[in-house]
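> Given the coordinates of chain A, work out where chains B and C should sit on it, guided by the hints.
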Amino acid sequence: MAKAEYKSKYKRVGQRYDRKDAREKVTGQAVYTYDLELPGMLYARCLLSPYARAKIVSIDTSKAKALPGVRAILTGEDSDILVGLYMQDKRVLSRGVTRYQGDVVAAVAAEDEETAERAISLIDVVYEPLEPVHDVDEALEGKILVHEDINELKHYVGVFFPQKDSNIASWNKSKKGDLEKAFAESDLVVENDFSLPAVAHVPMETHVSIVQADPFSNKIKIWSSAQSPFAIRQIMADSFGVSESDVEVHIPYVGGGFGGKAGIHLEPLATLLSKAAGGLPVKVRATREQEFNQLPTRAGMRGRIKTAANKDGKITAMQAVYDWDSGAYADYGVNVGKTAVYSGIGPYSIENACIDSKTIYTNKVFSTAYRGFGHLETHWSIERQIDILSQKLGIDPYEFRMMNLLEPGDKTMSGEVITESSGNPKECLTAVVKEIGWTGRKTEEERQREWKTGKVRGKGFAMLQKAPAMPANTATSVVMQMNGDGHVKMMIGAVDMGQGAITALSQIAAQELDMPIEDIEISAQIDTRSNPYDWNTVASKLTFLGGNAVVKASHELLHKMKVIAGQVLRTDPENLLHANGEIYHPHNPNRRLSYKDIALGYMYPDGSGIGGPLIASGSVVADGLTNLHPETGQGNPAAVWTFGAHAVEIEVDVETGSVTVLKVASAFDVGQVINEKLIYGQICGGVLQGLGSALLEGYKFNKDEKLMNPSFTDNKIPTMKDMPVEIVPIYIENPQHNGPLGARGVGEHPMISVPSAIGNAVYDALGINFHVLPLSPEAIVLGIQSGKKSILCTDVDCLPGRL
Amino acid sequence: MLSRFQYFKPHNLNEAVQYLDKEANSFVLAGGTDLMILLRRNVINAEHIVDIKALPETGVFEYTEGTGLKIGAAVVVNRVVDSEVVNSRYRALHQAAASLASFQLRNRATVVGNICNASPGADLPPALLVYDAVVNIAGPQGTRQVPLHQFFTGVKRTVLQHGELVVSVELPESGEGDKSIYLRQARLRGHDLATVGVAARVKPDGKVAIGIAAVAPTPLRLFALEDQINARGLSQETIEWAAEEVKEHIHPITDVRSSAAYRLQMASVLLKRCLLALIAKED
Amino acid sequence: MDNNKDCSMYTEHVDSGKRKVTLSLTVNGHQVVRDVDPSMSLLHFLRDNIKLFGTKEACGEGECGACTIIMNGKAVTSCIVLAVEAEGAQITTVEGLAKDGKLSILQEEFISEDALQCGYCTPGFLMSARALLDSNPNPSDEEIVEVLSGNLCRCTGYIPILNAVKRTIEREQKELGR
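Chains as they are written, first to last, in my numbering: chain A, 1 to 803; chain B, 1 to 283; chain C, 1 to 178.
Only chain A is shown next, with the shape it has when bound in the complex (with noise of 0.2 Å):
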């Protein structure tokens, strides 16, 4: 568990400052939407498909109507709003038909949850059970729509290519180069699928959400345990057709997170219990076994790969087919499709290369975003098949990949040039690779030696990237005002949903005032009524876009200081410098003036005064980003990239298949580190979940595409005694020149290809391709005893997930 030592240039920017919220928390003080009480709330409970695809034929709630205590039931039949962050395909409530088993089917209102959870259980529905779309190559046939009105669903066209009288909510493309030719002309060619099952957050508060809606106006109160308060307010205000100033959106503490809270979930459901009961308070929560199956997950996938590669090691040519497995709603679900096309070949520079990325819809769990989306699955793909080819060309995984991984003057997938300032591929995995000692694969006598001890040792490592998935128009901002103390109060619109964002924030803005990180004054919770606008707080884009905005808005704040400094110190204002929290003259220091003496404007001895309270602001949209071209995928996606690598050492078991993770090296150009100690604990927990989706984790559905493993019982996550015994953290800062202090965000990246390097790893120690996740003990076993070298499925009946 070794901690890097690490050493800031700057003053407050790098240094370990304990986190702003952690006070609160630690105390039981923070107050999460779990936490909240509204005068007059009811409590909600949902009733769910108990199929994957059925015909709704009657819905008889008279039962539960007559239960005392209940004050509002809904159906399908009370509401015809159609929601949805990028298509509008997702009923609050199902209509006609179910498309997963978790899509609601009605819900109640009631005095205290028992009350409503009884009224659930006096609903009487028949439903006539129809066969469901089981997996991506059904639905690709297309003889049973998810959706049979999807020409008519109303999505973000021009960025979304929803494919007609099909299955495919959007098919995103990219290509550059000759493909025929360059695998026509290559040494060699190497065609391989991978693939990787539904997975879930697991954030520890699951979601909740309150709602009032006022019934004297049009205004839409909500409370939720969400990321996107802006979102929210936007889709809201679209789907019930208002104004976005009439939806208030408050995010108090947030319990977790990781993608699955943003855009909107509970809240529509909310809105419309909270209409029907009279306008009180309604909240709706979602219990584990909901949060598993009826609120959405990371999508199954799977990645065909075609490279070619020449004698000497130079890759020529790639193409990648990426099938998602999106379930019933497209959601976050086709912007992760749409990430692959850009970074779905990994950090290389390659010539000729072709994605084609399909997000699909069948009848299970629907599927959204989540930490570093569409990466960690593409990267399972890109970073196996690299290693896979190194073995069939005899060359050095380490060295095969720094023959071609991306260096200043290459280009992109989309066409975008890599210069000095994107950060340094090759110096991370350089970096990992070192700290492991690679000294080159194992040979296959080494290996049969080792196994007769039953334990085998194995070491791999794997490439990272990743750019915020974002519009291109992206947006946030900070209000920063002076308070009569000095302080200052920063108002930001992204969430802090435990990653730090309101403490790094505040180093930014300390750095730059020179102040005490103690005296910014900052909130985690968020008010769409007071706080400024931010998209989204998803992506890794906070410390970037944020960070700018920041420091946008100290430079305004302190310029407005001078500019009242200068009028008491009777200089012109550019004469002036600040530090310490106070402006003064560079040539005679004894004129200076504190923040606290202008904060509320100067005070002359005589009274009057001038100025006024100190306020400033900083807005940032993305700079220089374009929409991708739909056929060619060119144009600029891609705000920052923060690459990295990792590198494990393990050992396996032969026998039980346990696979023990001895350590991990995880190297990120960061540009910039802003807090140690809070980028040390995104990669610790980042590395654990990656090792969740590695060794452990993942959806289990039934041939009825009933998921069998909605609760902690058997969806388990890693626990304290399932860490790396050793986890070394590197930090390398080429700085970004367009970057708040050079820095780049690395929130999700810790996450992505983990599994990529266990996987490389397994191979090493076992001299076995597996090609699917999770590599659980048993499956490691029953890839053992098949006597193959390559693992395209390890269940028994060969369907990835399948029972």
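Rather than coming from a laboratory, the hints here were simulated on the basis of the structure.
All of these numbers come straight from a predicted model, not from anything done at the bench.
Just so you know, not all the hints are guaranteed correct.
As the list claims (entries may be wrong) - Covered by chain B, per the in silico footprint, the following chain C stretches (three or more residues, Cβ under 8 Å):
hint, segment
1, 33 to 46
2, 60 to 66
3, 80 to 91
4, 144 to 150
5, 160 to 168
C-beta atoms are modelled at their ideal positions from N, C-alpha and C, and glycine is treated no differently.
For chains B and C alone, kept in the frame of chain A given last:
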């Protein structure tokens, strides 16, 4: 939870049995770690909950030289984990207890509850089975004793009749030279139900006993396999043979936790490791 | 563990159609007497009845440890304990850790080691760790992990939590002479 029940905490056994006999939808509460989940998931609809933690008989946890170990129905698993006697004389039980669920749950979960829940994959039964544990049952017709290997009748089913409750479980004396071990495989290192759990014991006379969980509708004592092993004599070769032969004595299923194929393999591996560890100890 | 003081003799009365039992216990040093429905969990009693919202529910089935409290010296998951089972019990929740307006060493070290992110699981971890250190002031790493692995955290990767508990042990020995 849809159940609305009355809570009754009797102070003597008669009172408890009479209440259970009288009330139809009544359930026994000890640690509650299984019962509360059944209630929460509305798997059962309870009208009466009888908390047996105040009965003098259920609090008993004692070891008597020559007689053995008695564990009352209110004794929590962590008490067994912490017991020196159990650790030294009933090693497999210590190991099984220490691997059951999480530390926090072991502060509530009881040994007898783990038996009564009759889960095919429960950790404690294999260890209790190799020690020939006997279950003490009280009911309207008086008390009776049932050997643990006859206690389970199916998945979540036992011989308990209406109005009956398990008061304690007894393990005969285990003396010098008596050795045992419990090994399990799970999906992760943290708390998990066992994919397969195997307990093995070598008695001072060299005879072997084997208990196994999660490979059949109930935890099993593999008497027939034991006889074959004992006939061959416990040796490296016998162990290799038994590790294969055990697959003929069990009937694992494929479920959400594991395939039958993996369970067969783990039964084999764990049995081999158990027996090897036991003969290694004799050196 | 078995808290068999009494309570066979529940008081039973009817209040708006619900059967109630009078419950008396000590929470964070305060005597509390309330009428409760027997089907109420201890977690809901603490939150809904005496308004201590620091203790969280994350699964309701004893699998995640978020609702861990200390009951008669033992760390237990309060979601699967009936409130009525706590008759006469001594309960400590996260709100009872800081004394006289001063954070405990354990809380300080959780802050200092950044042993929390979203903070939702934090009260449960604090209570599990407190119960452990109360019964064993100098546990090994293995013993700490054995106890704390009953608490799930999705944010931190656990390493900072383990570090915080280890630092607490050092400081408590030095500063409190444990």
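> It remains to establish, for every hint, whether it holds in the given structure.
Hint by hint, here is what the structure shows:
no.: 1; hint: 33 to 46; in the structure: holds (count 4)
no.: 2; hint: 60 to 66; in the structure: holds (count 5)
no.: 3; hint: 80 to 91; in the structure: holds (count 5)
no.: 4; hint: 144 to 150; in the structure: holds (count 4)
no.: 5; hint: 160 to 168; in the structure: violated (count 0)
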